[in-house]
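2 protein chains.
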Amino acid sequence: MTTEPVLIAGEWRESDTTGTFQAENPATKEALAPVFPVSSWLDCDQALEAAAAAFVEMQDLDVAQIAEFLERFATLIEENSDDLVSLAHAETGLPVSPRLADVELPRTTGQLRQAAAAARSQNWTQPVIDSANNIRSCYGSIGPVCVFGPNNFPFAFGSASGGDFAAAIAAGNPVIAKANSSHPGTTKRFAELALEAAQATDVPNSIVQLIYRSNHDIGQQMITDQRVGATGYTGARGAGLALKKAADGAGKPIYLELSSVNPVVFLSAVLEEKGEELAKEFSGSCLMGTGQFCTNPGMVVLIQSDEAEKFIDTVASEFENAATGTLLSSSVERSLHESHGVLVGAGAEVCCGTGDGKENPGYCVANTLLRVDGETFLRDPETMQTEAFGNSSLIVVADSLEQVQQILKTLEGNLTGSIYSATSGDDDEAYRVIAPILRKKVGRLLNDKMPTGVAVSPAMNHGGPYPATGHPGFTAVGIPGSLLRFAMLQSYDNVRPERLPAILRDGYQGSAQRLIDGVWT
Amino acid sequence: MTTEPVLIAGEWRESDTTGTFQAENPATKEALAPVFPVSSWLDCDQALEAAAAAFVEMQDLDVAQIAEFLERFATLIEENSDDLVSLAHAETGLPVSPRLADVELPRTTGQLRQAAAAARSQNWTQPVIDSANNIRSCYGSIGPVCVFGPNNFPFAFGSASGGDFAAAIAAGNPVIAKANSSHPGTTKRFAELALEAAQATDVPNSIVQLIYRSNHDIGQQMITDQRVGATGYTGARGAGLALKKAADGAGKPIYLELSSVNPVVFLSAVLEEKGEELAKEFSGSCLMGTGQFCTNPGMVVLIQSDEAEKFIDTVASEFENAATGTLLSSSVERSLHESHGVLVGAGAEVCCGTGDGKENPGYCVANTLLRVDGETFLRDPETMQTEAFGNSSLIVVADSLEQVQQILKTLEGNLTGSIYSATSGDDDEAYRVIAPILRKKVGRLLNDKMPTGVAVSPAMNHGGPYPATGHPGFTAVGIPGSLLRFAMLQSYDNVRPERLPAILRDGYQGSAQRLIDGVWT
Numbered sequence: 035m036t037t038e039p040v041l042i043a044g045e046w047r048e049s050d051t052t053g054t055f056q057a058e059n060p061a062t063k064e065a066l067a068p069v070f071p072v073s074s075w076l077d078c079d080q081a082l083e084a085a086a087a088a089f090v091e092m093q094d095l096d097v098a099q100i101a102e103f104l105e106r107f108a109t110l111i112e113e114n115s116d117d118l119v120s121l122a123h124a125e126t127g128l129p130v131s132p133r134l135a136d137v138e139l140p141r142t143t144g145q146l147r148q149a150a151a152a153a154r155s156q157n158w159t160q161p162v163i164d165s166a167n168n169i170r171s172c173y174g175s176i177g178p179v180c181v182f183g184p185n186n187f188p189f190a191f192g193s194a195s196g197g198d199f200a201a202a203i204a205a206g207n208p209v210i211a212k213a214n215s216s217h218p219g220t221t222k223r224f225a226e227l228a229l230e231a232a233q234a235t236d237v238p239n240s241i242v243q244l245i246y247r248s249n250h251d252i253g254q255q256m257i258t259d260q261r262v263g264a265t266g267y268t269g270a271r272g273a274g275l276a277l278k279k280a281a282d283g284a285g286k287p288i289y290l291e292l293s294s295v296n297p298v299v300f301l302s303a304v305l306e307e308k309g310e311e312l313a314k315e316f317s318g319s320c321l322m323g324t325g326q327f328c329t330n331p332g333m334v335v336l337i338q339s340d341e342a343e344k345f346i347d348t349v350a351s352e353f354e355n356a357a358t359g360t361l362l363s364s365s366v367e368r369s370l371h372e373s374h375g376v377l378v379g380a381g382a383e384v385c386c387g388t389g390d391g392k393e394n395p396g397y398c399v400a401n402t403l404l405r406v407d408g409e410t411f412l413r414d415p416e417t418m419q420t421e422a423f424g425n426s427s428l429i430v431v432a433d434s435l436e437q438v439q440q441i442l443k444t445l446e447g448n449l450t451g452s453i454y455s456a457t458s459g460d461d462d463e464a465y466r467v468i469a470p471i472l473r474k475k476v477g478r479l480l481n482d483k484m485p486t487g488v489a490v491s492p493a494m495n496h497g498g499p500y501p502a503t504g505h506p507g508f509t510a511v512g513i514p515g516s517l518l519r520f521a522m523l524q525s526y527d528n529v530r531p532e533r534l535p536a537i538l539r540d541g542y543q544g545s546a547q548r549l550i551d552g553v554w555t
Numbered sequence: 035m036t037t038e039p040v041l042i043a044g045e046w047r048e049s050d051t052t053g054t055f056q057a058e059n060p061a062t063k064e065a066l067a068p069v070f071p072v073s074s075w076l077d078c079d080q081a082l083e084a085a086a087a088a089f090v091e092m093q094d095l096d097v098a099q100i101a102e103f104l105e106r107f108a109t110l111i112e113e114n115s116d117d118l119v120s121l122a123h124a125e126t127g128l129p130v131s132p133r134l135a136d137v138e139l140p141r142t143t144g145q146l147r148q149a150a151a152a153a154r155s156q157n158w159t160q161p162v163i164d165s166a167n168n169i170r171s172c173y174g175s176i177g178p179v180c181v182f183g184p185n186n187f188p189f190a191f192g193s194a195s196g197g198d199f200a201a202a203i204a205a206g207n208p209v210i211a212k213a214n215s216s217h218p219g220t221t222k223r224f225a226e227l228a229l230e231a232a233q234a235t236d237v238p239n240s241i242v243q244l245i246y247r248s249n250h251d252i253g254q255q256m257i258t259d260q261r262v263g264a265t266g267y268t269g270a271r272g273a274g275l276a277l278k279k280a281a282d283g284a285g286k287p288i289y290l291e292l293s294s295v296n297p298v299v300f301l302s303a304v305l306e307e308k309g310e311e312l313a314k315e316f317s318g319s320c321l322m323g324t325g326q327f328c329t330n331p332g333m334v335v336l337i338q339s340d341e342a343e344k345f346i347d348t349v350a351s352e353f354e355n356a357a358t359g360t361l362l363s364s365s366v367e368r369s370l371h372e373s374h375g376v377l378v379g380a381g382a383e384v385c386c387g388t389g390d391g392k393e394n395p396g397y398c399v400a401n402t403l404l405r406v407d408g409e410t411f412l413r414d415p416e417t418m419q420t421e422a423f424g425n426s427s428l429i430v431v432a433d434s435l436e437q438v439q440q441i442l443k444t445l446e447g448n449l450t451g452s453i454y455s456a457t458s459g460d461d462d463e464a465y466r467v468i469a470p471i472l473r474k475k476v477g478r479l480l481n482d483k484m485p486t487g488v489a490v491s492p493a494m495n496h497g498g499p500y501p502a503t504g505h506p507g508f509t510a511v512g513i514p515g516s517l518l519r520f521a522m523l524q525s526y527d528n529v530r531p532e533r534l535p536a537i538l539r540d541g542y543q544g545s546a547q548r549l550i551d552g553v554w555t
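In order, the protein sequence lines correspond to chains P and R.
According to the working numbering, the first sequence is numbered sequentially starting from 35.
According to the working numbering, the second sequence is numbered sequentially starting from 35.
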């Protein structure tokens with residue numbers, strides 16, 4: 035059987051395959067025609083070899099060339115947007131518009147252009163010069179980066195197009211992209227355009243390799259290989275932690291974006307102030323994209339009251355009246371049912387949902403709202419934080435502000451944490467008590483706002499303490515910060531002037547801010 | 035038997051001990067009188083509880099108070115320098131002067147004052163403001179930090195006085211210090227002064243806890259405890275990697291400074307130019323402090339020639355004529371003999387040394403110079419990179435520049451790498467070939483300079499790729515950079531103005547540089 039080719043060393047090659055797979059249209063449950071290979075170690079080894087060679091070549095490139103590559107790639111994506119949107123729609127079931135065409139695609143090209151600007155300015159390298167000691171330092175490229183993309187953002191987090199890809203390349207590293215198995219065709223199209231951009235801008239053709247799938251052992255062998263610099267992974271916790279264990283054991287940096295329930299606390303006075311409005315806001319955020327966002331609000335904490343009950347009733351009613359969205363795959367559907375089973379098994383009650391989705395021929399689960407009292411939650415907080423990825427949320431009803439504090443103290447690391455409080459000031463004392471607890475549990479703390487949107491901003495932290503990610507000091511979104519994941523710190527001690535990187539030389543003419551003898555210049 | 039007390043929650047308490055140990059004077063091999071406890075889990079648990087409480091309190095401290103604490107501590111160290119120097123001299127055998135009194139002690143107080151300045155200015159937090167999206171971010175404290183200090187710097191890297199301690203506290207975290215077993219008395223004296231400084235400056239008394247030793251299981255339990263923010267470890271590779279494995283498994287950041295052979299390459303023309311001078315410079319650097327520096331040049335690479343042979347002869351003669359220094363402990367002596375056995379077993383030849391040290395009643399090994407040809411090195415490069423911590427070095431004689439490249443490509447991650455080249459320019463082409471290889475293997479690249487000195491400079495990188503450290507993006511020396519190890523990235527999204535940290539507010543009046551809407555202000 036002929037399978038789709040892999041991209042290695044600038045060539046679309048027949049894979050050395052150990053099996054095949056096909057993507058599926060989750061809206062129809064029909065298999066899509068193209069047959070993709072499961073790569074052997076030989077494919078991975080050749081990809082590593084090509085990436086290692088590209089890395090050496092990239093050290094000598096003018097940074098402007100890397101910027102031009104990223105920009106050309108962005109333009110090619112725009113020129114081929116209909117094609118990309120249609121492929122991704124078929125493979126993911128995500129709506130063509132506004133989601134794919136008008137939100138995610140512009141976000142993706144915007145990220146690539148921001149990454150290009152960072153590569154060009156080199157501001158991300160944080161140059162420091164100590165003239166008295168003649169010691170100079172900056173961040174520099176780390177080596178070939180393996181990128182494992184998630185199922186839920188085929189463009190903006192795609193392994194050959196998204197944030198990790200853009201950051202790795204802007205920091206001077208080639209990428210080995212591992213397609214998400216649910217949208218291999220979309221990823222292949224991006225890799226084709228990336229190769230075209232590489233050829234047009236005269237960067238090494240091996241700046242991006244693409245494989246679609248391998249077994250887990252081979253994936254682990256790849257990311258621990260001495261030719262690898264670092265790995266970026268976005269996806270489910272189990273697979274991510276297995277990769278983390280392997281990478282950690284080999285001393286290879288790995289940046290993970292794993293599960294997160296993104297707790298939202300509604301304090302008492304704000305529920306009195308505008309409970310119904312908040313119920314609608316919350317419902318919209320929770321069901322958007324069928325809840326398949328890393329920052330979906332999967333857990334709500336509130337204190338028992340009549341307003342709290344009204345809030346729950348309104349959300350349940352919104353959930354029941356809303357259409358049932360399509361899930362990304364059969365495994366997302368299965369996993370969502372499993373999570374509901376775990377939560378109900380631990381004592382959560384069903385307000386609505388958990389059953390099959392209605393009037394939707396694709397993969398789906400009914401919009402689900404669960405509730406649990408604080409005491410039951412605290413009996414097994416770890417199980418109660420089981421992520422139910424999709425159109426689902428768990429409301430924890432505490433008996434007091436003290437219990438809210440206890441609940442927050444048991445939280446695992448999360449990407450986000452939100453607190454809604456009254457404009458009257460009546461919640462301010464409660465805020466002061468709980469905010470410091472939540473602050474240290476999350477990468478991004480929000481006020482009066484749902485966590486779902488993740489702006490591509492230099493001030494964004496799309497990260498957080500373990501197990502939301504593998505390290506609380508790095509962000510996956512936001513440029514130039516996200517580049518630092520794929521960098522090493524490099525100090526130059528007494529190195530002769532002409533041998534220094536341009537950005538560390540005395541006569542440097544560029545625009546990057548430099549810390550020279552304690553003064554930003 | 036009465037043992038020395040541990041410091042927990044601002045009190046010198048009797049330890050819940052599972053055993054005892056005494057330090058030894060390595061210059062006389064005599065046990066020192068004080069008896070120290072081996073702590074049970076109960077001690078560690080109480081230390082964690084106290085540190086967790088201190089961490090909560092520290093969130094509300096004015097940063098100026100933390101700065102005052104560090105400064106007061108530095109002053110107290112100076113006021114008690116005779117005492118500290120005499121304790122450390124007895125426990126480590128390191129010379130009183132200049133080493134302890136005139137170099138390491140001022141370095142230690144200098145670090146504390148630089149850390150204080152960083153805490154006061156908050157420049158290390160790298161505030162970023164995106165006004166349009168009202169998203170703001172900065173680095174913030176991470177939680178209680180466990181510090182494991184090494185044997186070779188009782189002051190400057192001491193667990194209750196050194197770089198990790200200063201960085202952790204300046205970043206807003208309390209410390210649980212684990213004394214190095216070879217100098218518990220010195221560490222205790224530092225902890226006494228730190229407590230005195232805490233009491234005088236009104237910071238939480240639990241800002242520092244001290245235990246002296248525990249078994250390995252309990253150490254691992256401590257650093258993986260959910261109350262811990264991060265761990266800093268400087269020391270031997272085996273113990274460090276065991277801690278790393280435990281911390282990684284729990285998702286707790288750990289920063290390690292492990293072994294490093296610090297390769298030094300002498301190119302051909304520079305050996306012609308001044309081979310004898312370089313042999314003396316190298317010998318001095320290698321034997322300084324009996325070679326017990328993390329950045330000791332433990333491996334030399336050169337290309338075979340008459341000048342190379344003269345260089346080796348001169349070094350051997352310098353080594354033989356130099357006094358035999360005292361090693362820090364019996365285990366350093368044993369380990370150095372073992373490493374020599376491993377290297378000789380793998381094919382290294384003895385130029386001089388490997389036997390017992392002469393005319394030194396303390397722990398010592400004869401100044402040792404080994405050599406090996408490039409082909410033998412390349413047969414088992416991993417074994418050939420066995421660190422021989424102490425007054426010892428291995429010279430690798432390559433048959434060509436090509437072989438030098440092959441050798442450098444097999445190198446593990448190191449803290450430093452040095453290249454000496456001729457002033458005539460005759461080595462420049464060779465430099466261009468090898469420098470890019472070495473650059474990616476080391477944290478600090480040097481020209482024409484020995485790596486031994488580690489300036490406390492903002493441009494320093496005392497770090498490097500694994501296994502020199504656990505992560506190539508961080509430095510253990512150099513302020514403010516070293517603080518970032520003990521920090522998490524914190525984003526504030528739509529948070530009300532009065533609830534923001536001062537440094538992220540619109541009306542901020544401090545001196546820290548902020549990136550506001552893309553412009554450094």
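Read the hints as simulated data drawn from the structure, not as lab findings.
Careful: at least some of the hints might be erroneous.
Which copy is meant is left open, so a pair is good if it fits within one copy or across any two.
Calculated cross-link-like contacts (lysine-lysine; reagent style DSBU-like; alpha-carbon spacing at most 30 Å) [to be verified]:
no., residue 1, residue 2
1, 63, 475
2, 443, 63
3, 483, 279
4, 443, 392
5, 308, 279
6, 344, 483
7, 475, 392
8, 344, 279
9, 279, 63
10, 443, 314
11, 483, 443
Hints versus structure:
Taking the closest pair of Cα atoms, residue 63 and residue 475 never come within 30 Å of each other, the shortest separation being 39 Å inside a single copy and 49 Å across copies. Proximity of residue 443 and residue 63 under a CA criterion of 30 Å is satisfied in neither setting, with 42 Å inside one chain copy and 50 Å between copies. In this assembly of identical chains, the alpha carbons of residue 483 and residue 279 never lie at most 30 Å apart, being 35 Å within a copy and 38 Å across copies at closest. Taking the shortest Cα distances, residue 443 and residue 392 never come within 30 Å of each other, neither inside one copy (38 Å) nor across copies (60 Å).
Taking CA atoms no more than 30 Å apart as the test, residue 308 paired with residue 279 passes in neither setting, with 46 Å inside one copy and 49 Å between copies. In the homo-oligomer, the alpha carbons of residue 344 and residue 483 lie at most 30 Å apart inside one protomer (20 Å), although the nearest pairing across protomers, at 73 Å, exceeds that limit. Neither within a single protomer nor between protomers do residue 475 and residue 392 lie at most 30 Å apart by alpha-carbon distance, with minima of 37 Å and 58 Å respectively. In this homomeric assembly, residue 344 and residue 279 never come within 30 Å of each other (Cα to Cα): the closest approach is 45 Å inside a single copy and 48 Å across copies.
Taking the shortest Cα distances, residue 279 and residue 63 never come within 30 Å of each other, neither inside one copy (34 Å) nor across copies (43 Å). In this homomeric assembly, residue 443 and residue 314 come within 30 Å of each other (Cα to Cα) only inside a single copy, at 28 Å, whereas the closest approach across copies is 60 Å. Taking CA atoms no more than 30 Å apart as the test, residue 483 paired with residue 443 passes inside one copy only; the shortest distance there is 22 Å, against 51 Å between copies.
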